[in-house]
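Use the sequences and the hints to build the structure in full.
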Amino acid sequence: MLKPVQILTRNYGLPESWTLQVYQSQGGYQSAKKALSWPQAQVIEEVKKANLRGRGGAGFPAGIKWSFMRPHPTKPAYLVVNADEGEPGTFKDRTIMERDPHRLIEGCMIGCRGVGAHTAYIYVRHELHLAKDRLWAAIREARSAGILGPRPFGVDYPVDVQVHTGAGAYICGEETSLLNSLEGKRGEPRFRPPFPAQFGLFGCPTTVNNVETIATTPSIIEMGGEAFSRQSELHHLGDGGSRLFGVSGHVRTPGIYEACIGLTLRELIYDLGGGLPEGTKLMAIIPGGSSCPVLRAEEIVNAPDDKAILHPWHGKSILDVPIGVDTMRELGTMAGTTCAIVLSDKACPVRALHNLVRFYAHESCGQCTPCREGVGWMGRIMGKLVEGKGSIEELDMLYDIASNIMGNTICAFGEAAAMPMIGFLRKFRPELVQYLHTGGKSSTGGLAL
Amino acid sequence: MPFALSTERERETADIFSRYPNKLAACIPLLHLCQEQNGWISDEVIQFVAERCEVSTAHVQGVVTFYTLFNQKPVGKHQIWVCRTLSCALRGSDQIARHLQKKLGVHIGETTKDGLFTLREAECLAACGQGPMMLIDKTYHENLTPEKVDKILDELTGEAK
Ligand SMILES: Cc1cc2nc3c(=O)[nH]c(=O)nc-3n(C[C@H](O)[C@H](O)[C@H](O)COP(=O)(O)O)c2cc1C
Ligand code: SF4
Ligand code: FES
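Those sequence lines, one after another, are chains A and B.
Each residue of the first sequence is one higher than the one before, counting from 1 in the working numbering.
Each residue of the second sequence is one higher than the one before, counting from 1 in the working numbering.
One thing to keep in mind: the hints can contain errors.
Said to hold, decoys possible - Distance condition first, Cα-Cα at most 25 angstroms in a straight line; then the derived BS3-like pairs of lysine-lysine:
#, chain 1, residue 1, chain 2, residue 2
1, B, Lys102, B, Lys73
2, B, Lys113, B, Lys73
3, A, Lys185, B, Lys73
4, A, Lys185, B, Lys23
5, A, Lys185, A, Lys75
6, A, Lys75, B, Lys23
7, A, Lys48, A, Lys34
8, B, Lys77, B, Lys102
9, B, Lys103, B, Lys113
Stated by the list, open to error - Short, incomplete list of chain A residues facing chain B, as computed with Cβ under 10 angstroms:
#, residue
10, Pro88
11, Arg94
12, His129
13, His164
14, Thr165
15, Ser248
16, Ile256
17, Arg351
18, Asn355
19, Ala448
No wet-lab data here; the hints were simulated from the structure.
Ideal placement from N, C-alpha and C gives every residue a C-beta, glycine not left out.
So this is what it looks like as structure tokens:
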């Protein structure tokens, strides 16, 4: 059900919303003050109760992630905020940093308390110049007000926040690649184990969280974890609260909207996104960033088992399923960043797939053979196919290549690149075959309307 | 001639080093600072950053080649990055890219003869809801139409004259 809320976005519309004065006039930094006076375990407990699932794509519960951190006898701990925002279709974290940077900084203070760190690094992709400027300005304001520094609010728990930037590499959104990049190295993902919680930034215990995950924590401390979680229709699935939803592509009012979890794909596309442009019909949705397998508009939920998560929607349209980490997984896709890309019937699915495959072929870091060779190969085959020159055998080959990447790589980029391919091959085989048979002429031809 | 930073930027380096527990971590921010001044990462810049960060030039070279935003050769005064990824493509980024090439008389990847503009394609720049879009230097230009592109470019060209 669509329940629009303004929790995370409450300051978005205010003039000068990015200044300390405005932030504090809206009750800002009261949660950090509270959290710093609490024992670490209590902060973690509250975030656990909030059922805050990571907003960066994988949906891992933040409270549980924080509880993996163990103090080291000699090394400091770090909180690292992932502001790389590189997943195609995703444009939500930028709004937080540009319009309400103090909320992220307050979240960093709470996060530092939760993981036992005194320093947070926010890793922002270099292109987001306004976001970086606003963050630095906010940090300077918070430092001069004594909010960041040796004794925030007179509490003996020093906290400082730094901004670091990348230099244009999608892979640096992957957390271990990001850590290498922060250390001044090539952004190549690391083998796991060891996990960042044991051996992360500069070899120290580290937690990496997404911008939105961290920026949500002040509201959690303010409302109480349980109350936050209960706003969600999927509270019973451990998927709590509200979050940012994005919609782009063939809709009338693309944008970022906050709503309680429970929002369905239909509501995202038609109520928030304003529906499809005149004369077009919904063909497909990529629910949460380009790595999530595509769904077709006409799909029906098949969950006859009354214990299945999706059973309440058995026989209904997939568009009526609430967008949640577990519900989308059960549909064979992912909630990802909950920023959906919408394709109308005027979009050519072959060209859409080609656009995405080309992206991944361009972004592999090249460390592991199945990924480096596989995505390059898929890129070359798709390049031919889109010219109308491929064969049916090559469609099967694409499926094999993608399947062979899955599970055989150092990092999840391999899956991220393979899953859209497998998704399109499964859902759009008739269109792909027809495209081949007609030498690329049968389709609507392009992507833009 | 060895590379040197302007006095103002030189002052900034102390601030950059103070953010990290070791010197290596300052490598990428220092490269950005140098590129802001120099336009691209020359061998002299690599030498400079290697000395400051107390690492080998080979390490810095490795970093520079990994990241797309470091220019390995001189570029135009203004950098134009036009996004070509799916959300923007669904809203007409192809047309914008074609228009830019025609208007500037260059292909993607090239610099105009007057040295004013380098045109490049970018992957998703986190403005998907406002596509088609381009980034020029430090500014996002969103919801583009060919007319809007003309206006933006004419203003920049006018400034340069
Ligand atoms: C190839 C790849 C790219 C990623 N890009 C991002 C990104 O841009 N932003 C982000 O927050 N997480 C990204 N992630 C997920 C991170 O690795 C990590 O799981 C996340 O930052 C954890 O934060 P969360 O638990 O708060 O969601 C990416 C993962 C992969 C495999
Ligand atoms: S899976 Fe791809 S991106 Fe990840 S480490 Fe291997 S080669 Fe690099
Ligand atoms: S697809 Fe162009 S900004 Fe995201």
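Ascending list of hint numbers which this structure does not respect: Violated hints: none; all satisfied.
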